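*Asks:* Below are the chains, spelled out letter by letter.
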Amino acid sequence: EVQLEQSGAEVKQSGESLKISCKGTENIFGSHWVAWVRQRPGEGLEWMGIIYPGDSETKYSPSFQGHVTISADKSITTAYLQWHSLQASDTAIYYCARTSGNSWQDQVDLWGQGTPVTVSS
Amino acid sequence: FILTQPHSVSGTPGETVTISCSRSSGYIASTYVQWYQQRPGAAPTTVIYEDTQRPSGVPDRFSGSIDISSNSASLTISGLRTEDEADYYCQSYDTTLWVFGGGTRLTVL
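Going line by line, the protein sequences match chains A and B.
Mapping the first sequence onto the numbering used here, position 45 (from 1) lands on 45, and the numbers just tick up by one.
Mapping the second sequence onto the numbering used here, position 20 (from 1) lands on 20, and the numbers just tick up by one.
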């Protein structure tokens, strides 16, 4: 069964850096985009941005541009979400999600299990 | 634009419930709408894509539609079951980004 496997829970201090990952089993990135979605405790889903691992084209939500970096290594079918300086407000669960095709507007056909990130001040 | 959903809806087993998703500006039919189900403590899953399509494995009790006159999309769940209790999110696209609705908590009484 093809899956997106995300890295484990993280506990960090405010100001620290962090990079979490989303790895596809088998070669499931191919011609697909990978999005990152934030969910703060008790709140809804927020789209952060999306990357095409094939050429690393990336789109960011204005709300997250400049605060996070999305990257990918297609050779190991892994996408990443990175912070250089975490804030307490970054405490959330972060999900990766793969689109079904090669358009960033294609529907999601796979979700990762989520990575909880806790940032203490 | 923003997508507005009711905070909560409820129904009893066997009933039919509908969750609305109103688009504030631009045409609802201009970009596809997806619907996601998120059970407590779990990752989201896709229940409707491209306005009306069901992924394989999603029961036909789930259906999606759009209404041009009200500029909104809807998710309808018929034959309500206790396992349908979850949060539901609509999602569509702006020029260069995805837009999520605020989510609707479905309670099965």
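Don't read these hints as lab results, they were simulated from the structure.
Keep in mind that this is a model prediction, so the values were computed, not measured.
Where a beta carbon is used, it is the ideal one built from N, C-alpha and C, also for glycine.
Some hints could be false.
Computed list of chain B residues with no C-beta within reach of chain A, every gap over 10 Å [said to hold, decoys possible]:
id, residue
1, Phe1
2, Ser8
3, Val9
4, Thr18
5, Ala29
6, Gln38
7, Glu50
8, Gln53
9, Ile66
10, Ser78
11, Arg81
12, Asp87
13, Leu97
14, Val99
Taking beta-carbon pairs under 7 Å as the criterion, some of the chain B residues facing chain A (in silico) [said to hold, decoys possible]:
id, residue
15, Gly26
16, Tyr27
17, Tyr93
Label-pair ranges, simulated between beta-carbon atoms [as the list claims (entries may be wrong)]:
id, chain 1, residue 1, chain 2, residue 2, range
18, A, Glu57, B, Leu109, 38 to 48 Å
19, A, Ser71, B, Arg61, 37 to 47 Å
20, B, Ser70, A, Glu26, 25 to 35 Å
21, B, Glu83, A, His84, 39 to 49 Å
22, B, Pro59, A, Gly42, 39 to 49 Å
23, A, Val2, B, Glu50, 31 to 41 Å
24, A, Pro41, B, Thr45, 15 to 25 Å
25, B, Arg61, A, Gly15, 16 to 26 Å
*Asks:* Can you name, in rising order, the numbers of the hints this structure does not satisfy?
*Replies:* Violated: hints 6, 7, 8, 12, 13, 14, 15, 16, 20, 22, 23 and 25.
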